[in-house]
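Chains A and B supply the protein sequences, listed in that same order.
For what it's worth, the working numbering labels the leading residue of the first sequence as 1, then goes sequentially.
For what it's worth, the working numbering labels the leading residue of the second sequence as 1001, then goes sequentially.
Honestly, I wouldn't trust all of these hints.
Simulated restraints, written as ranges between beta carbons of each label pair [to be verified]:
#: 1; chain 1: B; residue 1: V1208; chain 2: A; residue 2: E94; range: 38 to 46 angstroms
#: 2; chain 1: B; residue 1: F1209; chain 2: A; residue 2: G221; range: 39 to 47 angstroms
#: 3; chain 1: A; residue 1: G221; chain 2: B; residue 2: L1266; range: 27 to 35 angstroms
#: 4; chain 1: A; residue 1: P191; chain 2: B; residue 2: S1015; range: 33 to 41 angstroms
#: 5; chain 1: B; residue 1: E1055; chain 2: A; residue 2: A199; range: 52 to 60 angstroms
#: 6; chain 1: B; residue 1: E1055; chain 2: A; residue 2: E94; range: 34 to 42 angstroms
#: 7; chain 1: B; residue 1: A1265; chain 2: A; residue 2: A15; range: 31 to 39 angstroms
#: 8; chain 1: A; residue 1: E120; chain 2: B; residue 2: G1141; range: 48 to 56 angstroms
#: 9; chain 1: A; residue 1: P191; chain 2: B; residue 2: D1054; range: 44 to 52 angstroms
These aren't lab readings, by the way, just hints derived from the structure by calculation.
None of these values were measured; they are calculated from a predicted model.
All residues carry an ideal CB built from backbone N, CA and C; glycine is no exception.
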Amino acid sequence: MVESVIESPGAALLAGRRAIVASAGAALGAALADGLRRHGARVVETKAAFGSRAAAEAGLADAAQELGGVDLVVHACADAAALVSRPLASLAAEDWQAAAHRGMLDSLYGLQAAHAQLRERGGVVVTVGPSGSLVGAPGLVALMTLAEGQRTLIKSAARQWGRHGMRLNWVGIAARHYAPGLGDAAWPQTPELGPPPPALGRVPEPPTDVADVIAWLGSDGARGVTGASFNLDGGDWMLP
Amino acid sequence: MSATTGMSSEAGLLSGRVAIVTGAGAGIGRGIAQALAAAGAHVAATGRRLGPCDETLASIEREGGSAIALEVDVSERAAVDRAVEAVVRRWGRLDIVVQNANAGEQSSHPIALEDVTADDWTRQARVAWDGNFHCAQAAFGPLQASGRGRFIVLGSAFGLHGAAMNPIYSALKGGDRGFVKSLAREWGRHGITVNAIEPAAMTEPAQVFFDQNPALRDLFIGMFPLGRMGEPRNDIGRAVVALCSDLMGYVTGQNLPVDGGLYTAL
Chain A
1 MVESVIESPG
11 AALLAGRRAI
21 VASAGAALGA
31 ALADGLRRHG
41 ARVVETKAAF
51 GSRAAAEAGL
61 ADAAQELGGV
71 DLVVHACADA
81 AALVSRPLAS
91 LAAEDWQAAA
101 HRGMLDSLYG
111 LQAAHAQLRE
121 RGGVVVTVGP
131 SGSLVGAPGL
141 VALMTLAEGQ
151 RTLIKSAARQ
161 WGRHGMRLNW
171 VGIAARHYAP
181 GLGDAAWPQT
191 PELGPPPPAL
201 GRVPEPPTDV
211 ADVIAWLGSD
221 GARGVTGASF
231 NLDGGDWMLP
Chain B
1001 MSATTGMSSE
1011 AGLLSGRVAI
1021 VTGAGAGIGR
1031 GIAQALAAAG
1041 AHVAATGRRL
1051 GPCDETLASI
1061 EREGGSAIAL
1071 EVDVSERAAV
1081 DRAVEAVVRR
1091 WGRLDIVVQN
1101 ANAGEQSSHP
1111 IALEDVTADD
1121 WTRQARVAWD
1131 GNFHCAQAAF
1141 GPLQASGRGR
1151 FIVLGSAFGL
1161 HGAAMNPIYS
1171 ALKGGDRGFV
1181 KSLAREWGRH
1191 GITVNAIEPA
1201 AMTEPAQVFF
1211 DQNPALRDLF
1221 IGMFPLGRMG
1231 EPRNDIGRAV
1241 VALCSDLMGY
1251 VTGQNLPVDG
1261 GLYTAL
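Could you build the full structure based on these sequences and the hints that come with them?
Given below as structure tokens:
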């Protein structure tokens, strides 16, 4: 009995639910989609960097049509320019623009498109970001600016759209799962002199640990949760 | 004795230091410029329009402070470069940058998130985020040479808890947190501290808003453990002075609410 719970924690949390996973990273999107399917959801994957509001709305509308509606939108987007570690003093203006502004606009368009799909019946949006944005990272000023901007945008959206029955939350994951190249960046270490963190001895994995949390956020069990940030670092910085 | 009269406790704390304050033509920016000058710093009061900065300059000179006024649109990199060069040419160094510029009325204009356009975003982000980027790049060399460089961004509690009324502004201010934490980690080895202050102060636009909505004012003031909204110069400006002084030279990467205890969730 216990084993079955461990193998499939919270099974069928999303039975009958329809989810769109919009991710810039193919590996991350596929992993999260598989995880949500394990929880009973029907899932369509789509790109996350739409480039315009019209494209975002069309992209999510197409996906929703394929599903016959949508209950959960998972969005993870950062422009490729944001994923390169470089000192701010030598960051080219066009890279700053792409990383900070283009990334933020894609996030905005994604939220607006989700709103268009969910405003009538309510639903859930989960934005996925790098958990390192909670503490910052040298060489990644633009990405950290973007990520914290996205995390705050979710809070404001949650405040505005709660009346539509929409819940919006942020989930922070390990940098190397967010974008493979980020694992080599100079991430600050927790000032913990005991057993090396994370406390769980491993970093939460997208298809299992992360998808389980997102599935819960998409389920009725999380009906009282909105505007929140979930730091899935396995017990590293333990924020807040 | 009133907090606004008599010898200020910060006198001399910043003697000989040189500071640039952006958005210094009004409100909190003006208060910070005045407080830095009162603490002995030479201050470049900069803004998109020169007239209001001249008024800030005049107020500083009336008290015997040292300042210049410069027209600077922080969304333009070349303008920021020119300002830094002018300041270093004038006083031979640059120790402090306070990036306070924002897009004025646009940043406090309520808007539904579903109605936000790319132009709405870009107008504000070019000042707030690009302003940070341009000021940091332009000032990096002189701040490094200073040996005790200070880079301070004016954030907002809206960047901590989000804001239904101001989703763009709050996202920008939230982004500032990531900017400050990361740049502090990047610039620590260069002897430059990077911090943000999240102020709550009664500025002129806030005064107008509350005059029109007195019930909201009473409700809002009631949320402050200290029982009042801050005053730009004495409450916010002097906190910036402290952060710029040697007294707080070991503080970096922080987002510090200076708000009478309004926000205690950090």
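Tested hints:
{"no.": "1", "hint": "B/V1208 with A/E94: 38 to 46 angstroms", "verdict": "holds (40 angstroms)"}
{"no.": "2", "hint": "B/F1209 with A/G221: 39 to 47 angstroms", "verdict": "holds (40 angstroms)"}
{"no.": "3", "hint": "A/G221 with B/L1266: 27 to 35 angstroms", "verdict": "holds (29 angstroms)"}
{"no.": "4", "hint": "A/P191 with B/S1015: 33 to 41 angstroms", "verdict": "holds (35 angstroms)"}
{"no.": "5", "hint": "B/E1055 with A/A199: 52 to 60 angstroms", "verdict": "holds (56 angstroms)"}
{"no.": "6", "hint": "B/E1055 with A/E94: 34 to 42 angstroms", "verdict": "holds (37 angstroms)"}
{"no.": "7", "hint": "B/A1265 with A/A15: 31 to 39 angstroms", "verdict": "holds (36 angstroms)"}
{"no.": "8", "hint": "A/E120 with B/G1141: 48 to 56 angstroms", "verdict": "holds (55 angstroms)"}
{"no.": "9", "hint": "A/P191 with B/D1054: 44 to 52 angstroms", "verdict": "holds (48 angstroms)"}
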